Amino acid sequence: MSEQVVDRDDLLRVAWALLMAAILLRDVTGAMPPAALVSMPPDIRNRMCASYYQDAFERLPTDVQDEARVLVFADPDVQNARAIHAEHNLDGS
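The opening residue of the sequence shown carries number 332 in the numbering used here; numbering runs sequentially from there.
Just so you know, these hints were derived from the structure itself, not from any lab.
Estimated spans, in silico, between C-beta atoms of each pair: (1) 352 - 394: 19 to 29 angstroms; (2) 379 - 408: 18 to 28 angstroms; (3) 335 - 364: 42 to 52 angstroms; (4) 414 - 335: 36 to 46 angstroms; (5) 368 - 336: 34 to 44 angstroms; (6) 334 - 364: 45 to 55 angstroms; (7) 338 - 401: 16 to 26 angstroms; (8) 352 - 410: 17 to 27 angstroms; (9) 370 - 337: 36 to 46 angstroms; (10) 340 - 370: 34 to 44 angstroms.
Predicted, not measured: the structure shown is a model, and the values here were computed from it. Cβ coordinates follow ideal geometry from the N, Cα and C atoms, glycine included.
Build out the structure end to end from the sequences listed, making use of the hints.
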């Protein structure tokens, strides 16, 4: 079996997508009332609450993770969401 060569730009796009998915699912499930999660069919709830995306992201090379984090947190939509979150104290602290 031959070793596949992955283009760094492609790997970075994958890392960005995995991190965005992990953040989105964490934020969505965190914002849902517990009753909403409990009422979901188990297969959907398990997919939403599992850490597949975060786990896959963390298996990538550290330098790719670091670069993806910079890109994700520089994204204007992410910055706006974080500002709204902080403004409305959505984490309850």
